[in-house]
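Asker: Turn these sequences into a full structure, and let the hints guide you.
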Amino acid sequence: MVKKLVPDPPNLKKYGVPLYSVAWVPKTVLKSIQNVTADDSSDADHKPLPETAQPDEGKYLVFAGGGGQGRSGIPNSVLLAYFDVASVSLSDSPVYKLGTNSELPYRMTVHPNGDGIICAMETPKSCRWFDWDQNETAEIHKLGLKVSEKVLTELDNVGLQLALAFDNDGTTLAAGGEDGSLRVFKWPSMETIINESNAHSTVKDLHFSFDGKLIVSLGGGGPCRVWDVSSAIALATLANENVSN
1 MVKKLVPDPP NLKKYGVPLY SVAWVPKTVL KSIQNVTADD SSDADHKPLP ETAQPDEGKY
61 LVFAGGGGQG RSGIPNSVLL AYFDVASVSL SDSPVYKLGT NSELPYRMTV HPNGDGIICA
121 METPKSCRWF DWDQNETAEI HKLGLKVSEK VLTELDNVGL QLALAFDNDG TTLAAGGEDG
181 SLRVFKWPSM ETIINESNAH STVKDLHFSF DGKLIVSLGG GGPCRVWDVS SAIALATLAN
241 ENVSN
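The numbering used here puts the first residue of the sequence shown at 1, with every later residue one more than the last.
I should point out that these hints are in silico values taken from the structure, not numbers from a laboratory. None of these values were measured; they are calculated from a predicted model. What you were told as hints is all true, and nothing was included just to trick you.
BS3-like mimics (lysine-lysine), calculated; alpha carbons at most 25 Å apart, straight line:
(1) K146 x K97
(2) K4 x K14
(3) K125 x K186
(4) K97 x K59
(5) K31 x K59
(6) K3 x K13
(7) K146 x K14
(8) K97 x K13
(9) K27 x K146
(10) K14 x K3
(11) K31 x K146
(12) K27 x K97
(13) K150 x K27
(14) K13 x K59
(15) K213 x K186
(16) K186 x K204
(17) K97 x K14
(18) K186 x K27
(19) K97 x K125
(20) K14 x K59
(21) K125 x K146
(22) K27 x K13
(23) K146 x K59
(24) K150 x K31
(25) K27 x K59
Answerer: If you want it as structure tokens, here you go:
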């Protein structure tokens, strides 16, 4: 039997890196680009945005990925890409690339108010904070990232985190581990609110309610649990069910 060729999807781009996480750049970051007045020269590693790119809301994406710790030749990095609404296409190549050396950024959450991003590294199994880096040339605004001096001690050497999430106002951070732990912190103080070591066998996803008072966690193979953030109590559970045909 001849295998049927599947056509490429429309506006296909390839960045040459396995990608594991993606998010939109918050509008607060994009608005701040328009207000940049400093006349700093850019770093040699910074790559300028296309001249047609305007820093409008919802037009930039941040990606995390790479080849891991082995000798694959694929660099580990955090990438920024520009999405052009008019042509409904991504930039031909990343508009910015921040290498992370041997550390593979595996999961990511973006602070909703533009403070920066947190990446859960697969190697080593710690979390890293990155700040937005804004620079202006004579004609083109540029958006980049840099490794922050801020150290997330509470998420350092605690195992791989498979889920990260901020609440809507950016005052609470949650992390779900490969080991099944659920940790919730006040942000930016990192004061612990919830530290449940046996929330699941492994945590696959996390999401806050709109008001930030509840958080839902999904375990590998189930169950799904709804937690009250202030009391750290599981209020409801949805069991995983094997449905036979």
